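There are 6 protein chains.
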Amino acid sequence: MASTISMVVVLLALAYSGALASDPSPLQDFCVADKASPVLVNGLVCKNPMNVTAEDFFFCGLNKPGNTNNKQGSNVTAVNVMQIPGLNTLGVSLARIDFAPYGLNPPHTHPRATEILTVIEGTLHGSFTSSSTPDMHADAVAITGLSSQNPGLITIGNAVFGSDPKIDGGVLAKAFQVDKGLIDYLQKQFWMDNSN
Amino acid sequence: MASTISMVVVLLALAYSGALASDPSPLQDFCVADKASPVLVNGLVCKNPMNVTAEDFFFCGLNKPGNTNNKQGSNVTAVNVMQIPGLNTLGVSLARIDFAPYGLNPPHTHPRATEILTVIEGTLHGSFTSSSTPDMHADAVAITGLSSQNPGLITIGNAVFGSDPKIDGGVLAKAFQVDKGLIDYLQKQFWMDNSN
Amino acid sequence: MASTISMVVVLLALAYSGALASDPSPLQDFCVADKASPVLVNGLVCKNPMNVTAEDFFFCGLNKPGNTNNKQGSNVTAVNVMQIPGLNTLGVSLARIDFAPYGLNPPHTHPRATEILTVIEGTLHGSFTSSSTPDMHADAVAITGLSSQNPGLITIGNAVFGSDPKIDGGVLAKAFQVDKGLIDYLQKQFWMDNSN
Amino acid sequence: MASTISMVVVLLALAYSGALASDPSPLQDFCVADKASPVLVNGLVCKNPMNVTAEDFFFCGLNKPGNTNNKQGSNVTAVNVMQIPGLNTLGVSLARIDFAPYGLNPPHTHPRATEILTVIEGTLHGSFTSSSTPDMHADAVAITGLSSQNPGLITIGNAVFGSDPKIDGGVLAKAFQVDKGLIDYLQKQFWMDNSN
Amino acid sequence: MASTISMVVVLLALAYSGALASDPSPLQDFCVADKASPVLVNGLVCKNPMNVTAEDFFFCGLNKPGNTNNKQGSNVTAVNVMQIPGLNTLGVSLARIDFAPYGLNPPHTHPRATEILTVIEGTLHGSFTSSSTPDMHADAVAITGLSSQNPGLITIGNAVFGSDPKIDGGVLAKAFQVDKGLIDYLQKQFWMDNSN
Amino acid sequence: MASTISMVVVLLALAYSGALASDPSPLQDFCVADKASPVLVNGLVCKNPMNVTAEDFFFCGLNKPGNTNNKQGSNVTAVNVMQIPGLNTLGVSLARIDFAPYGLNPPHTHPRATEILTVIEGTLHGSFTSSSTPDMHADAVAITGLSSQNPGLITIGNAVFGSDPKIDGGVLAKAFQVDKGLIDYLQKQFWMDNSN
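Protein chains in written order, with full-length UniProt numbering: chain A, 1 to 196; chain B, 1 to 196; chain C, 1 to 196; chain D, 1 to 196; chain E, 1 to 196; chain F, 1 to 196.
Okay, chain A solo, but in the shape it has when bound (with noise of 0.2 Å):
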């Protein structure tokens, strides 16, 4: 199986986004969120050191393939600080990528943090200077790296055409320059988030 995973090493979403921040150090050898916390500060408060586990630091399920049966035909499984406690303060993430035959992940930027991909199976089209949006020729799972607890992501399509309450029509014929019924054709688009 070693074999299949692809040759292909894509640094997305550089000049396109390039949304670059670094979480700040930790301070202390493990700071396990407590997700159940009523104080809410920059990250997660501590769970009690006496009531960490082992399965603070674990997280199962980047086993199971990701639903693609969607519109863009890819699907992303998260593993960040909300799927694995442990991971507040540390800096680092992780997720997995599905995609169905041409499927394609939309354009999107991760304003907290810089992303490295490998494809495990399959072949993936990208490349970032002209696009972030890979489309695909079959089948495949890629795993990527993020260099934040909480990575965050902004689907560009989302967010300009599917935000709720809705940004005005005739701003966004404006600032796109089109006739204000093709934005509404567009909002009508816009989507349920596949995305986590």
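Do not take every clue at face value.
The list treats identical chains as interchangeable, and a pair is accepted whether it falls inside one copy or across any two copies.
To be verified - Straight-line Cα separation of at most 20 Å, DMTMM-like style, residue types lysine to aspartate or glutamate; simulated pairs: (1) K71 / D168; (2) K188 / D168; (3) K71 / D179; (4) K180 / D164; (5) K35 / E55; (6) K35 / D56; (7) K180 / D168.
Everything labelled a hint here was simulated from the structure, so no lab data went into it. No experiment lies behind these values; they were computed from the predicted model shown.
Once you've looked at the hints, dock chains B, C, D, E and F against the given chain A.
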């Protein structure tokens, strides 16, 4: 005149773009950028301190209104490390934004900075949760502070539809869930860059 | 009016103070400061995102001239995380500085920020190599961008001669190489704090 | 094949090594490493952007299993800034780890990075609180994401017993509370570096 | 006495450990650690500034020699955020190291700090390229500065052979390429922790 | 001798100056400063690692008392990246401060570092809330650790009254609310720099 400084301080591009890096800290009193050096580094190499002059820390020109005679009716005059070499390593920059009546600053992100904005003259509408696109009801002038010597600027429309070379139309048609003819139309609209 | 935006962008407090930290990066889209929380952290804890409103990202008041009827003839109106709770974790803030004719902003440092300044109206003299004290020849208004949500402000004169409790006069006499009577005189001069 | 992606995501080297720096943030869209430059800086100097090509952001080779025919029965194929010059300034890298049956990745730390690991094939045992040494019960392949362009690697055994020149045996005998003959024996065991 | 301050300043643990994070920057003048708070964050939450006293910034005890009557003949007295609550958010700490004649500080790393060391009395041998283990030829005292409020300490021998619960002996035998009986012997040697 | 290490650990310059940057993290094991290089960057460029020697990480001279025969009766011997090229990129430095009886270290700030101080011999008075000026009642020696490779030093008196060229006397008279004759007198007092 001071009374014409408007009452609106808008924090742009947060939920929408939210790209939030902070520049690395400086390691000396100043490191004035030597833009002519053949040596390229993260940021810019420094001029010999013996050759640093007061001009390296000044920029004249923010008094001139930007030309808003363009499709969006707005103009950004950036003052970053390219305009003020002394900003190198200091992690801060500034911009003036001019708006014609009903002008707008198209949806954009700064991949390496947060932004704070104060309206100097006129009225500015904007709400980053539904949009980062302010529209205007009169001539307006705003000053923004940014947390990087080189904030970067990604105008969404240009990046998606106006890239050179073009993103494949079929890919965009799928990404935006519209037919390819519409993408062709959108790609023809884009775009002179009026943003610096 | 735009033509009255002055041509001088001054980078203050560099060689003189040069305090140049950058705030830690954010770990979520926003973390609006909950100033009423009894829990105190580096920065401020966040409000429940359900309770965040547009007002958390706005401040009205920079249109009002600061009161320059004081000994220095200047006034700083700071807009930082205390005025805009939404600035929490974002590493940027703003201030308006008003100057009466011949007013000056006394020598100061921002221990946690760099600063960039643009003159909106009037003329401002300053050269940080020999001094960070600008003097004015007319009413003037300036806007400064700062690279911290909470830049801090240390007015040199106040810190040395106006501290409460007072620094021992004998110590200051030795530090400044003057007789103690002079120090007593200086300590009597200081000082209402007009800086925020 | 996707179903063979294992269910174990292990966060390695935390309590054991926990070296947790984050790379400084970038100050431009990209700064592709010029590995041939005689000028050496923190990180690497950048190529002229005119000479940057798509190849600077790609690496082919993670499809090839590493040679696990060595004493530990494991092999790390690192993909960092030395393999992908475009990673320079971006603070992220990747590695593939192959394990022969019962192979292990010897105790190690990454002095400049945190690490997140997903098993692609096989089963991997490991618990960083008592050890960072995973042992295997079958061929296995894992992908790790690391939060630095150049994570570094310190294999404890090599560093202590296999350094060149050798650490004085008497010193190690005292440090490890064993007789010097045993140290001599251990020093003879160490070690070809199989880690990149 | 000043003449007994030795001439050796050693930069320890560089090539050997090189763990080199820097603490996040502070966001207020001080944030004195409230060690009794049930709320746990990255670093420590702050005491109410009203309750801060001079004692929060002082520590008395570095005048007392550490007890070097142990197997390594050395003792580290750490002064970090646990001893001086006022160090919280400030990114610096200190330690005193005492050595009995021929004592040594066993191989170790500080996962969150760099270290600089000055010998106050006696002579200290050490060269981090081949080892970070200094040996001594007389009573000696050294002071080290560290770049974190909580540098952490990993004594290699203890971490590998003295962990609780124990690392599986078979795993270590393979990792260190020795027979398991030897590992058993080494595990019996380890170890009271004399390092803070 | 160890018993003469005083019991006072003072955290200086906090509320008073509080300049609190942390140096950017290193991106390689070491980057020994090449002080002779014509290329200037944030920090210093690195020597060729082939030419690095043990001397690059050592400094001999902290055993020599500084000359306190000056007006303040104190002397700072700094050991930073200029004295130890190997400190480049490591974010830490050290200093020895000597005090003559009743000597004092004039009010100062370190714009790029926090500071922790331990008294080696003698007694040192200081309280940074009211002042950072310690006075002495005997010969004393202190060692300070600083969180930057190049902390910087701004002695308030020199910066305000002893700058070259001079700050305009009229400006200072207004800033300090005294008559200009007094400023002239103060400017004549300043000052040989005894601080490194």
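Item checked: Violating hint indices (sorted, rising) -> none
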